[in-house]
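There are 2 protein chains.
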Amino acid sequence: MSATVSPLAPKKYPKMPGIEGVRIATAEAGIKYKGRTDLLAMVFDAGTTVAGVFTRSKCPSAPVDFCRQNLPGGKARVLVVNSGNANAFTGKKGRETTAMTGDAAAKAAGCSAGEIFLASTGVIGEPLDAKKFSHLLGDLVKAAKPELWTEAARAIMTTDTYPKVATATVKLGDADVTLNGIAKGAGMIAPDMATMLSFVATDAPIAAPVLQDLLSRGVGKTFNAVTVDSDTSTSDTLLLFATGAAAKRGAPAITDAKDARLGPFRRALGKMLKQLARQVVRDGEGARKEIEVTVTGAKSARSAKKVALAIANSPLVKTAVAGEDANWGRVVMAVGKAGEPADRDRLSIWFGDNRLAFEGERDPAYSEEKTSAYMKRDSVVIRADLGIGRGKATVWTCDLTKEYVAINGDYRS
Amino acid sequence: MSATVSPLAPKKYPKMPGIEGVRIATAEAGIKYKGRTDLLAMVFDAGTTVAGVFTRSKCPSAPVDFCRQNLPGGKARVLVVNSGNANAFTGKKGRETTAMTGDAAAKAAGCSAGEIFLASTGVIGEPLDAKKFSHLLGDLVKAAKPELWTEAARAIMTTDTYPKVATATVKLGDADVTLNGIAKGAGMIAPDMATMLSFVATDAPIAAPVLQDLLSRGVGKTFNAVTVDSDTSTSDTLLLFATGAAAKRGAPAITDAKDARLGPFRRALGKMLKQLARQVVRDGEGARKEIEVTVTGAKSARSAKKVALAIANSPLVKTAVAGEDANWGRVVMAVGKAGEPADRDRLSIWFGDNRLAFEGERDPAYSEEKTSAYMKRDSVVIRADLGIGRGKATVWTCDLTKEYVAINGDYRS
Chain Z
1 MSATVSPLAP
11 KKYPKMPGIE
21 GVRIATAEAG
31 IKYKGRTDLL
41 AMVFDAGTTV
51 AGVFTRSKCP
61 SAPVDFCRQN
71 LPGGKARVLV
81 VNSGNANAFT
91 GKKGRETTAM
101 TGDAAAKAAG
111 CSAGEIFLAS
121 TGVIGEPLDA
131 KKFSHLLGDL
141 VKAAKPELWT
151 EAARAIMTTD
161 TYPKVATATV
171 KLGDADVTLN
181 GIAKGAGMIA
191 PDMATMLSFV
201 ATDAPIAAPV
211 LQDLLSRGVG
221 KTFNAVTVDS
231 DTSTSDTLLL
241 FATGAAAKRG
251 APAITDAKDA
261 RLGPFRRALG
271 KMLKQLARQV
281 VRDGEGARKE
291 IEVTVTGAKS
301 ARSAKKVALA
311 IANSPLVKTA
321 VAGEDANWGR
331 VVMAVGKAGE
341 PADRDRLSIW
351 FGDNRLAFEG
361 ERDPAYSEEK
371 TSAYMKRDSV
381 VIRADLGIGR
391 GKATVWTCDL
401 TKEYVAINGD
411 YRS
Chain L
1 MSATVSPLAP
11 KKYPKMPGIE
21 GVRIATAEAG
31 IKYKGRTDLL
41 AMVFDAGTTV
51 AGVFTRSKCP
61 SAPVDFCRQN
71 LPGGKARVLV
81 VNSGNANAFT
91 GKKGRETTAM
101 TGDAAAKAAG
111 CSAGEIFLAS
121 TGVIGEPLDA
131 KKFSHLLGDL
141 VKAAKPELWT
151 EAARAIMTTD
161 TYPKVATATV
171 KLGDADVTLN
181 GIAKGAGMIA
191 PDMATMLSFV
201 ATDAPIAAPV
211 LQDLLSRGVG
221 KTFNAVTVDS
231 DTSTSDTLLL
241 FATGAAAKRG
251 APAITDAKDA
261 RLGPFRRALG
271 KMLKQLARQV
281 VRDGEGARKE
291 IEVTVTGAKS
301 ARSAKKVALA
311 IANSPLVKTA
321 VAGEDANWGR
331 VVMAVGKAGE
341 PADRDRLSIW
351 FGDNRLAFEG
361 ERDPAYSEEK
371 TSAYMKRDSV
381 VIRADLGIGR
391 GKATVWTCDL
401 TKEYVAINGD
411 YRS
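Same order as they appear, the protein sequences are chains Z and L. Take 1 as the starting number for the first sequence in our numbering and just add one per residue. Take 1 as the starting number for the second sequence in our numbering and just add one per residue.
Quick caveat, the hints were computed from the structure, so don't treat them as lab data. Just so it is clear, the structure is predicted and the values come from calculations on it, not from any experiment. Treat each hint with caution, since some may be false.
Given that identical chains are not distinguished, each listed pair holds provided it fits within a single copy or across any two copies.
Straight-line Cα separation of at most 20 Å, EDC-like style, residue types lysine to aspartate or glutamate; simulated pairs [to be verified]:
hint	residue 1	residue 2
1	Lys92	Glu361
2	Lys92	Asp343
3	Lys132	Glu359
4	Lys258	Asp174
5	Lys271	Glu126
6	Lys131	Glu28
7	Lys402	Asp325
8	Lys271	Glu292
9	Lys271	Glu324
10	Lys248	Glu20
11	Lys58	Asp213
12	Lys402	Glu324
13	Lys15	Glu151
For reference, chain Z alone in the conformation it holds in the complex (with noise of 0.2 Å):
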């Protein structure tokens, strides 16, 4: 949590409704910051329904493998999450930290400890005592309430310059269902499946097959196209919980993933993801600019991923951008580095709508004032056509600044 707001962040912030069937408490446990909230505890209602994506990385933390075993499960009463921990490369210890905070928050519910959800975000490697928060497990879940979403946000930040918060009201059926969400980023982003932490809930009556295959088609356009600096954490976690509450007022029961009254549904959710996975690259460490980058022409939509992600991690495309430099020779050499079919005398590159580069060459009309003026917006979209297919895809990222080498060359300290 830094004292300077991300000049990228929201003008405003929604009002977030309660979703019924969710209750929210949270509290200052000291794990490692002092004054401020570091503690989340979300209680679900019995039958709420649960799906999960998780990081790909090879050295997974704890509380993601506490998380997967109970995923078959496809119940949830009750998700905790710290902040200040990761509980990532803890070993023994780290697995007896969850298996005692998943008893604590089980006995706290009245629930067993496979309907148990837990997320830890902060340093790797350092032992995280369950005992200095499981014992406020109790009290927190009796006092939870249903509108302290943007609360919850906020006792998730790590480096996080603002609580990241969304929500949508969709038709299931006749009935209305809400949808509200909550991520934090902010370093070591580079989603492989899912990412960072991110938690959204609804009251529509989804059963949990159901829910995994609408989160796992999600996350390829959204959370796992966006990139601060291509390190990819040991802890992303995205759970979406569905308490079925709705059902009550109308909302049918979905069962089936092609059910065709899922679609108003599936969209927000998509928009939803979206939301959050861009306010995350908005607050990357140090950023001043959003950069989308566009690859159209390619082989395949693979391959144009492949070929954006190459642009969007490139320290200096990025430094580029931070410096309001149209440098787009950088762009070029991206695009030759990323190791997928580009053929250098087809491409084409633009920044905005200023065409630099055409057939593998600057382009004659270029004007480098006009693309200086350009970069000097908040947001700068580089878009590369390849030439050679019909392969496209977008994904987002943030500059590289000053303020993200120096927040990271004093992170633990």
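For this one, chain Z is given, so just place chain L on it according to the hints.
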């Protein structure tokens, strides 16, 4: 070329001897820089053989295309290198420039254009006008002298803060032969075949196919094992020239790569390539510390190298080293994200002799104080043992500082 010399620059530079059959001249052509040399001609006696390795970028520069075309001939008479403009992504104009430069150099030396080799380094996408310097080649070839190796290294610098040179003398048969090498770095360094620009010459009489074998095998553990910023250049070029002049002093002509008499030469070449590559890393843009990353216990050597590069390219590892923070959790992250076989619970990590992590958790004997003291060194050694096989690899990189961001946020202007 920067006013501030890297703190990792060599304390003293070797006195570079001449190589019989090689003459050198430099000039201030004013291609982009003022008040410094930016043009190099290296002239070789008739009979000089040549080998080369080049960038694997899909968007190679025009000089790379030109060299690739001439390489099968195996003969070299002139090398022309300019700094300040990479002649990359310059389309038809770029090809015209290489053709015109090749013709001017051939005319000056009285040879065919197929015996000319070219390299350009600097900004990408700006047309390079051959007329700015091709008229100088006649005088340069005439004026060329044997001893100007350090001047040659200076003329090819861009954001380098010091010239990179190395020399060695070894036995070939019973005769002494000499190798001289120069290189330039400093950003866009993540070689994937050869790297940046480097030129090595020897008076040994070695046939072109043997030279090529030596060079291609030599780059894997040297130039292809260094990275500054994970960004592979469009212009990476490494050329090795052999004049054969030592034959007069009794050096045997080598025409078979398996010739046992090549042993000392092969080792000296490997050592020189490593010296030059490490000099490039130690002059990485903004570098304050060199980082050596060794991965052991991987499934294979190839897998070890991929994990080592994931660590070496991680912005979070590099900023931690810049901040002198023994944040080994980020090494865990980088191992996890590499996508190679790894087992969290068998992973051990050392910074220097300090074992920080052992079999999946923090080493009980870990001393924060001792490790923090170690991080203050100029040169930091990171080792990760994956504990699952016998694959091993070492790569070199530098830290990521605010200065890197400053240099690259304002490179073109």
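Original post:
Which numbered hints are broken by the structure, listed smallest first?
Top reply: The structure breaks hints 3, 5, 9 and 11; every other hint is satisfied.
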